[in-house]
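With the hints as extra help, turn the sequences into a complete structure.
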Amino acid sequence: MDGPATDLGLACRSCAAKSLVPVIDFGALPLANSLVRGEDLQASEDRFPLALFFCPQCTLVQIGETISPDRLFRHYLYASSFSQTMVDHAQGLTQRLTKERSLTNQSLVVEIASNDGYLLQFYREQGIDVLGIEPARNIAEIAERERGIPTITEFFGPELAARLRKDGHEADVIHAHNVFAHVPHPAHIIAGCKALLKPDGLVLIEAPYVGELIRKLEFDTIYHEHFSYFSLTSVNNLVQQHAMMIADVELVPIHGGSLRLFIAHEGAATASQNVQDMLAREEDEGLTKLEHYSDFAERIDELGRKLNATLKDLKAKGHSIAAYGASAKGSTLMNAFGISPDLIDFVADRSTLKQGYYTPGNHIPIVAPEELMVRRPDYVLLLTWNFADEILEQQSEYRNAGGRFILPLPDVQVV
Numbered sequence: 065m066d067g068p069a070t071d072l073g074l075a076c077r078s079c080a081a082k083s084l085v086p087v088i089d090f091g092a093l094p095l096a097n098s099l100v101r102g103e104d105l106q107a108s109e110d111r112f113p114l115a116l117f118f119c120p121q122c123t124l125v126q127i128g129e130t131i132s133p134d135r136l137f138r139h140y141l142y143a144s145s146f147s148q149t150m151v152d153h154a155q156g157l158t159q160r161l162t163k164e165r166s167l168t169n170q171s172l173v174v175e176i177a178s179n180d181g182y183l184l185q186f187y188r189e190q191g192i193d194v195l196g197i198e199p200a201r202n203i204a205e206i207a208e209r210e211r212g213i214p215t216i217t218e219f220f221g222p223e224l225a226a227r228l229r230k231d232g233h234e235a236d237v238i239h240a241h242n243v244f245a246h247v248p249h250p251a252h253i254i255a256g257c258k259a260l261l262k263p264d265g266l267v268l269i270e271a272p273y274v275g276e277l278i279r280k281l282e283f284d285t286i287y288h289e290h291f292s293y294f295s296l297t298s299v300n301n302l303v304q305q306h307a308m309m310i311a312d313v314e315l316v317p318i319h320g321g322s323l324r325l326f327i328a329h330e331g332a333a334t335a336s337q338n339v340q341d342m343l344a345r346e347e348d349e350g351l352t353k354l355e356h357y358s359d360f361a362e363r364i365d366e367l368g369r370k371l372n373a374t375l376k377d378l379k380a381k382g383h384s385i386a387a388y389g390a391s392a393k394g395s396t397l398m399n400a401f402g403i404s405p406d407l408i409d410f411v412a413d414r415s416t417l418k419q420g421y422y423t424p425g426n427h428i429p430i431v432a433p434e435e436l437m438v439r440r441p442d443y444v445l446l447l448t449w450n451f452a453d454e455i456l457e458q459q460s461e462y463r464n465a466g467g468r469f470i471l472p473l474p475d476v477q478v479v
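Numbering-wise (my numbering), the sequence shown opens with residue 65 and increments by one.
Bear in mind the hints are in silico, worked out from the structure with no lab data behind them. No residue lacks a Cβ here, since even glycine has one placed at the ideal position from N, Cα and C. Mixed in with the good hints, there may be bad ones.
What the hints assert, rightly or not - Cut-off 30 Å, straight-line C-alpha distance, at most; resulting in silico cross-link-like pairs (BS3-like, lysine-lysine):
{"#": "1", "residue 1": "Lys163", "residue 2": "Lys230"}
{"#": "2", "residue 1": "Lys230", "residue 2": "Lys258"}
{"#": "3", "residue 1": "Lys353", "residue 2": "Lys370"}
{"#": "4", "residue 1": "Lys163", "residue 2": "Lys262"}
{"#": "5", "residue 1": "Lys163", "residue 2": "Lys258"}
{"#": "6", "residue 1": "Lys280", "residue 2": "Lys379"}
{"#": "7", "residue 1": "Lys381", "residue 2": "Lys370"}
As the list claims (entries may be wrong) - The calculated label-pair distances, taken between Cβ atoms and stated as ranges, are:
{"#": "8", "residue 1": "Gln106", "residue 2": "Asp264", "range": "18 to 28 Å"}
{"#": "9", "residue 1": "Arg209", "residue 2": "Glu314", "range": "28 to 38 Å"}
{"#": "10", "residue 1": "Gln477", "residue 2": "Val316", "range": "22 to 32 Å"}
{"#": "11", "residue 1": "Gly466", "residue 2": "Pro133", "range": "40 to 50 Å"}
{"#": "12", "residue 1": "Lys82", "residue 2": "Gly466", "range": "50 to 60 Å"}
{"#": "13", "residue 1": "Asp264", "residue 2": "Pro113", "range": "20 to 30 Å"}
{"#": "14", "residue 1": "Gln304", "residue 2": "Asp110", "range": "35 to 45 Å"}
{"#": "15", "residue 1": "Gly350", "residue 2": "His233", "range": "34 to 44 Å"}
{"#": "16", "residue 1": "Asn372", "residue 2": "His249", "range": "34 to 44 Å"}
{"#": "17", "residue 1": "His233", "residue 2": "Pro133", "range": "20 to 30 Å"}
{"#": "18", "residue 1": "Glu314", "residue 2": "Arg111", "range": "49 to 59 Å"}
{"#": "19", "residue 1": "Pro317", "residue 2": "Lys163", "range": "36 to 46 Å"}
{"#": "20", "residue 1": "Glu129", "residue 2": "Gln106", "range": "37 to 47 Å"}
{"#": "21", "residue 1": "Asp453", "residue 2": "Glu314", "range": "17 to 27 Å"}
Below you can see the structure in the form of structure tokens.
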């Protein structure tokens with residue numbers, strides 16, 4: 065993997081400045097969620113450049129390659145409800161917002177990238193009108209069939225927001241969780257929210273925090289679906305272009321550390337002290353400067369050497385190794401580090417949508433978690449480390465039987 069190089073003249077996804085500077089280049093990797101069917105194992109597999117860049121103008125960290133969202137998201141194999149952590153996170157947040165915003169049966173809550181209805185179901189249970197927007201048709205069908213969530217199967221942006229507004233829809237609250245990074249041009253999300261939001265409404269965005277990504281070496285968060293990696297400074301620069309403002313910000317632990325942003329129309333709220341403090345802290349820590357990212361590639365290379373050495377040493381001693389979590393994170397980690405089926409026998413995953421497929425690039429079979437107790441591997445590489453507490457608890461029987469988990473980030477640890 066290569067570190068910083070020279071200005072390539074690419075246009076920034078946020079401010080359009082043509083002064084992006086490379087941070088790291090992973091080479092050509094398969095799409096992280098392009099799981100492979102058994103009958104396609106011998107077919108050629110598409111790979112695309114994956115390189116990370118920094119914009120000195122607006123401070124946005126971003127990848128250079130743009131894969132069509134239609135290819136990435138029209139048929140999706142990630143359903144949020146398979147993670148109890150995500151469901152609990154959503155339930156607590158909806159209860160909080162219902163109370164703080166005094167939402168009633170006259171209110172409307174919209175979620176962008178509403179997935180299988182894991183969040184909106186909790187508003188609906190309270191009699192609040194909801195509308196999901198989810199471009200993945202197979203996942204939207206689950207939301208409507210299993211949870212009764214009305215769902216529009218389109219990509220969100222100013223055009224859709226204008227149509228909804230014309231049809232009489234105005235949102236009291238707009239949720240956008242784990243989607244802000246998934247759009248090629250984040251300005252489209254902000255412009256759409258501005259058009260759809262009531263004058264006193266609130267937009268709630270959650271996105272992985274680039275500060276934690278760098279500090280905790282969460283490099284596996286980088287994949288083709290994640291076009292951008294946000295700091296508070298970069299989002300603040302973006303929303304101001306659209307006469308919006310960040311009223312409050314929180315750092316929440318979900319997904320290894322995410323920004324929770326409370327965004328309102330300009331003049332409709334006053335920025336909290338949290339916003340001022342975090343902006344100042346990012347400046348002090350150097351998060352707004354290229355130098356902050358200068359040794360990122362070297363740290364990843366060192367981690368890769370250590371993880372491979374650990375796995376190969378265990379194999380050489382006759383131990384069997386599986387993995388847990390057929391995640392996009394896991395795809396980046398295994399392909400970037402060259403982890404092959406010679407090291408990992410299978411990948412266990414709770415999602416029935418993924419079982420029976422093979423992982424992208426290295427083609428390791430994906431099976432149900434029950435296989436851990438059937439096959440009894442000595443060690444399990446935890447690819448979904450962001451749900452470590454939940455998974456370790458779920459797999460208490462395996463662990464009590466002597467099985468051990470390998471946590472790969474931010475340093476290799478066996479538990």
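Query raised in the report: Hint numbers the structure violates, sorted upward?
Result: The structure breaks hints 8, 13, 18, 19 and 20; every other hint is satisfied.
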